[in-house]
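2 protein chains.
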Amino acid sequence: MSGSRCARLGGPLVRQLLDSVDSVLFDCDGVIWRGDQAIPGAARVISLLKQRGKKVFFVTNNSTKTRKMYADKLSSLGFDAAEDEVFGTAFCCAAYLRSECGLRGKVYLVGSDAMRQELEAVGIQAVGVGPDPVSGKQLDWASVPLDPEVQAVVVGFDEHFSYMKLNRAMQYLTQKDCLFVGTNRDTRLPLEGGKAVPGTGCLLQAVETAAQRQAQTVGKPSRFMFECVARRFGLRPERCLMVGDRLDTDILLGSACGLKTLLTLTGVSTAAEAAAHRDSGDDERRAMVPDYYVESIADLLPALQGEDDPSL
Amino acid sequence: MSGSRCARLGGPLVRQLLDSVDSVLFDCDGVIWRGDQAIPGAARVISLLKQRGKKVFFVTNNSTKTRKMYADKLSSLGFDAAEDEVFGTAFCCAAYLRSECGLRGKVYLVGSDAMRQELEAVGIQAVGVGPDPVSGKQLDWASVPLDPEVQAVVVGFDEHFSYMKLNRAMQYLTQKDCLFVGTNRDTRLPLEGGKAVPGTGCLLQAVETAAQRQAQTVGKPSRFMFECVARRFGLRPERCLMVGDRLDTDILLGSACGLKTLLTLTGVSTAAEAAAHRDSGDDERRAMVPDYYVESIADLLPALQGEDDPSL
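Chain order of the listed sequences is A and B.
For this note's numbering, add 71 to where a residue sits in the first sequence, where the first one is 1.
For this note's numbering, add 71 to where a residue sits in the second sequence, where the first one is 1.
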């Protein structure tokens with residue numbers, strides 16, 4: 072496949088590719104929906120993949136929803152999806168703290184209530200959610216009361232991010248044995264119409280700069296995101312296809328873990344960016360080159376619809 | 072002097088050094104005071120320097136006070152200081168926007184009311200000061216109303232820093248011709264007792280990450296900070312001494328501008344750190360090695376007191 076990197080996917084290649092995998096992992100935003108609008112044909116693609124016996128997973132760096140909230144959104148947009156097929160960073164972060172870190176204490180959470188819920192679901196209590204405006208004077212800030220049971224600082228998307236939260240996170244992180252985990256490093260959250268708002272990566276960078284420490288992130292391109300799915304469902308990497316719209320997260324994760332990779336052009340990255348990486352001669356950039364690209368995942372429909380053989 | 076880099080200053084060397092300069096630039100926090108406590112002997116050192124005909128300046132990266140507020144604080148701690156001897160980044164940032172950038176429009180200010188006052192004093196209107204809590208939904212955030220007269224985003228220390236401010240700054244900065252200026256990159260604000268709180272550098276980094284642009288900073292080690300003083304008072308760099316407690320700001324500024332440099336150990340940096348830079352063989356690190364160091368600027372007292380010759 073290395074001879075045909077970044078090939079446009081179409082015709083008989085689609086069937087060949089789908090024959091070669093058992094599981095398909097989809098990023099969500101920019102791939103199966105944009106904001107609150109489903110990508111036309113995406114729901115049909117997913118339902119046909121399942122009919123053909125493929126396992127389907129939804130793998131997103133967005134930390135603002137629980138699995139349940141994602142399953143509800145998927146349903147409301149017409150997707151056939153179950154809660155345990157959804158892997159968002161709110162869920163994966165909780166799984167990471169529980170299974171990889173064996174965390175027993177509390178978390179100081181710079182993040183959403185959805186993250187708090189996912190942490191609670193694995194038995195981890197989180198403090199800090201919600202507004203935290205500044206009060207008092209500088210010298211008081213350095214002496215804010217810290218919860219002695221907190222053993223980790225977790226940073227996800229937080230619309231209530233504030234100087235005081237930054238300060239609290241820093242004060243916890245001056246304790247050397249305090250864990251430091253971030254959901255992801257996406258610097259911008261793309262919205263409809265080419266607009267964007269600041270992403271979790273901005274908040275995480277502020278906390279890292281203050282704490283003079285680097286966080287471990289769980290979201291794409293961290294391998295943990297794939298391992299989180301693979302362990303639960305016994306996936307073999309070479310029998311998986313990662314479908315995403317971002318070269319630096321989705322495609323990089325896929326190639327780092329040995330999955331087949333498909334870029335779709337309904338989101339952030341372009342085919343020209345992929346080609347530039349391919350032709351750069353730089354190994355780090357070449358790890359972001361997808362095996363294939365499509366204009367939209369609806370391009371998979373003809374192959375899926377025209378084929379009655381259930382073995383596909 | 073390069074043969075005696077990072078020498079402990081004492082005895083006849085003090086007089087030699089003071090004879091070789093006309094102006095002494097003091098950083099404030101960690102040098103002449105710590106928080107709200109004057110360094111013992113510092114006020115006397117400054118008053119004797121003035122008696123000996125030296126010009127004295129107070130040069131600080133802290134952006135939370137106007138010149139007037141600094142002059143008042145200096146007076147209340149017993150220092151002989153005039154408003155026009157004070158160069159804080161609130162003042163210097165306003166001077167930079169006025170004289171270097173020729174800014175005519177408004178500023179979107181992530182910063183303090185003191186910064187707003189200094190901007191206003193040079194005829195620049197600033198919007199954005201004070202709390203700015205989140206409201207509405209993501210899609211609204213990307214469409215926050217922008218003031219069409221804003222032509223620069225300025226980031227200084229802001230205890231009301233919030234996600235919404237980060238977002239507003241980013242939306243202004245997507246306009247290519249919007250200027251982007253930061254007061255300084257200090258990552259932490261040291262307080263009494265070894266404590267610290269997050270510094271402006273953390274906020275600036277968050278905005279830079281969101282905007283995918285680099286700010287121009289005016290504070291130390293940016294040369295502008297010295298030029299701001301030098302132009303007003305016609306200083307010759309080789310006849311100036313920079314006294315500071317930080318190698319990466321005060322001393323680096325001094326050596327970049329060709330000043331003589333003196334590290335005092337009452338603040339952030341240590342003599343061991345200076346020696347490690349000196350012995351590193353790395354040019355970038357060697358630019359942070361002071362010519363001399365003292366335990367405290369009170370070590371200058373004997374030479375100043377024991378000498379009645381007004382020419383020193």
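Since the hints were made in silico from the structure, they are not lab data.
As the structure is a computational prediction, the values presented were derived from the model and not from experiment.
It cannot be assumed that every hint is accurate.
A pair holds if it fits inside one copy or across any two, identical chains being indistinguishable in the list.
Stated by the list, open to error - Calculated lysine-lysine pairs in the PhoX-like style (CA-CA distance at most 20 Å, straight line): (1) LYS208 to LYS266; (2) LYS144 to LYS208; (3) LYS247 to LYS177; (4) LYS247 to LYS126; (5) LYS266 to LYS247; (6) LYS121 to LYS177.
Do the hints match the structure? See the list:
Proximity of LYS208 to LYS266 under the C-alpha cut-off of 20 Å is restricted to the inter-copy arrangement: shortest distance 14 Å between copies versus 37 Å within a copy. Only between protomers do LYS144 and LYS208 lie at most 20 Å apart by alpha-carbon distance; the minimum there is 16 Å, versus 44 Å within a single protomer. In this assembly of identical chains, the alpha carbons of LYS247 and LYS177 lie at most 20 Å apart only when taken from the same copy (16 Å versus 44 Å across copies). Neither within a single protomer nor between protomers do LYS247 and LYS126 lie at most 20 Å apart by alpha-carbon distance, with minima of 42 Å and 45 Å respectively.
In this assembly of identical chains, the alpha carbons of LYS266 and LYS247 lie at most 20 Å apart only when taken from different copies (15 Å versus 39 Å within one copy). In this assembly of identical chains, the alpha carbons of LYS121 and LYS177 never lie at most 20 Å apart, being 39 Å within a copy and 57 Å across copies at closest.
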